Amino acid sequence: MLNSFSHWPYKSCFSARSSWRRFFSQNVVSIRPLSRSFFLKKNIKYNSVPFSSPSSPDPQILNFLQKRIQTAPRFPKPSALLELGKPRLTVLVVLTTMSSYALAPYPGLSFGTLVWLTMGTALCSVSANAFNQCMEPTLDCQMARTRGRPIPRGAVRPEYGWLFATTTGILGTSMSFLVNPVVGWLGLTNIVLYMGFYTPIKRISIINTWVGSIVGAMPPLMGWAACSGGDLSHSGAFFTAAILYAWQFPHFNAFSTMVADDYKQCGYQMASWKRPALNARVALRYSLLFLPLCYGFVWSGIVNPSYMVGASAANFYLIAKAWQFYRNPQKTNARSLFFASLLHLPLIFILTLASHMFKVWKDAENLEPENPSSGD
1 MLNSFSHWPY
11 KSCFSARSSW
21 RRFFSQNVVS
31 IRPLSRSFFL
41 KKNIKYNSVP
51 FSSPSSPDPQ
61 ILNFLQKRIQ
71 TAPRFPKPSA
81 LLELGKPRLT
91 VLVVLTTMSS
101 YALAPYPGLS
111 FGTLVWLTMG
121 TALCSVSANA
131 FNQCMEPTLD
141 CQMARTRGRP
151 IPRGAVRPEY
161 GWLFATTTGI
171 LGTSMSFLVN
181 PVVGWLGLTN
191 IVLYMGFYTP
201 IKRISIINTW
211 VGSIVGAMPP
221 LMGWAACSGG
231 DLSHSGAFFT
241 AAILYAWQFP
251 HFNAFSTMVA
261 DDYKQCGYQM
271 ASWKRPALNA
281 RVALRYSLLF
291 LPLCYGFVWS
301 GIVNPSYMVG
311 ASAANFYLIA
321 KAWQFYRNPQ
331 KTNARSLFFA
341 SLLHLPLIFI
351 LTLASHMFKV
361 WKDAENLEPE
371 NPSSGD
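Just so it is clear: in the sequence shown, position 186 is 186 by full-length UniProt numbering, and no numbers are missing.
For the record, the hints were derived by calculation from the structure and aren't laboratory data. Note that the structure is a prediction, hence the values are computed from the model and not measured. Virtual Cβ for every residue (Gly too), placed ideally from N, Cα, C. Heads up, some of the hints might be wrong.
[What the hints assert, rightly or not] FRET-style restraints, in silico, Cβ to Cβ:
id, residue 1, residue 2, range
1, Ser336, Ala144, 45 to 53 Å
2, Leu291, Lys77, 45 to 53 Å
3, Gly301, Lys331, 37 to 45 Å
4, Lys77, Gly229, 35 to 43 Å
[Stated by the list, open to error] Calculated pairs, DSS-like style, for lysine-lysine (alpha carbon to alpha carbon, straight line, at most 30 Å):
id, residue 1, residue 2
5, Lys264, Lys86
6, Lys274, Lys264
7, Lys274, Lys86
8, Lys331, Lys86
Working from the sequences, and respecting the hints, build out all of it.
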């Protein structure tokens, strides 16, 4: 199942160190919230404009974004700032964190801990997403699905975006540390991975999908660590995180195929347009991986064996869609797999939580002492 690691594009990522130097010399300066004009001029380079060579920026893109930012309100609306954090994605992250918290087989669940965990996770997610949008405004304004984001459309000035991302990041990690140090470090690591590695590496190598999947697997570990007091030695923690890690591939590989033209135009190094066969093959392999991963919940004692009936049905549905995509990696099959993945993940977690609660109830019932028989 994990043979897809043999196809990692080592050469495209590490064979030419000049790729890293070129990217950081032309883009990383933009992470400093300096003047708007300096920010834009530095961030416009390196294959960030449509219908141009990688080294020839289009002044129209720069002028377009400058005009939008110049007309942006002096103080952004709270709703516009909230958009920077991708609230729908953040809700999904929080739900997976809470699910993992509920699945951890440890006594003494605390409402206060759950509140700090939820708020900390949400703010860490908002921060990472906001940093991502602050680093890529010139790219966002070139794609139909992203040009309506707050900075490209002129609803938020870049400096306010950076301030919002930094503030939510500090608050989120602080709240996570209030749960316990392990949760705090996981939250901070997630922000750093997303901003410092995943976002820049999208312009360098298709390995970015594997890096992004690690980011997606962090929230379940945060939930588990919150319930266990920081102990991640239980095998259930691994399987919970692995479920989220594996899910990223059929989900994102299908999505990236749907928008492959946009990614190619902006210079994002995605397997969907660089190596379509690998893209489809990896999606299928990780879909198949759900079968042993779900059994891992049974093996860990999280759920009863009967759980595999419903989980297998959901997994085979995803596998069938991934097989269609593998046989014919066109946008129609990609769209079908994408929507199947949106249904698959919540279904798996609902089944897992329901089976876990039933197991806890049955175990508690079996531990109840028998009533002594009444005397004559």
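Structure-based check of each hint:
1. Ser336 with Ala144: 45 to 53 Å: Violated: the Cβ-Cβ distance is about 21 Å, outside 45 to 53 Å.
2. Leu291 with Lys77: 45 to 53 Å: With Cβ atoms ~47 Å apart, the hint holds.
3. Gly301 with Lys331: 37 to 45 Å: holds, 42 Å
4. Lys77 with Gly229: 35 to 43 Å: Hint holds: Cβ distance 40 Å, inside 35 to 43 Å.
5. Lys264 with Lys86: holds, 23 Å
6. Lys274 with Lys264: holds, 8 Å
7. Lys274 with Lys86: holds, 27 Å
8. Lys331 with Lys86: holds, 25 Å
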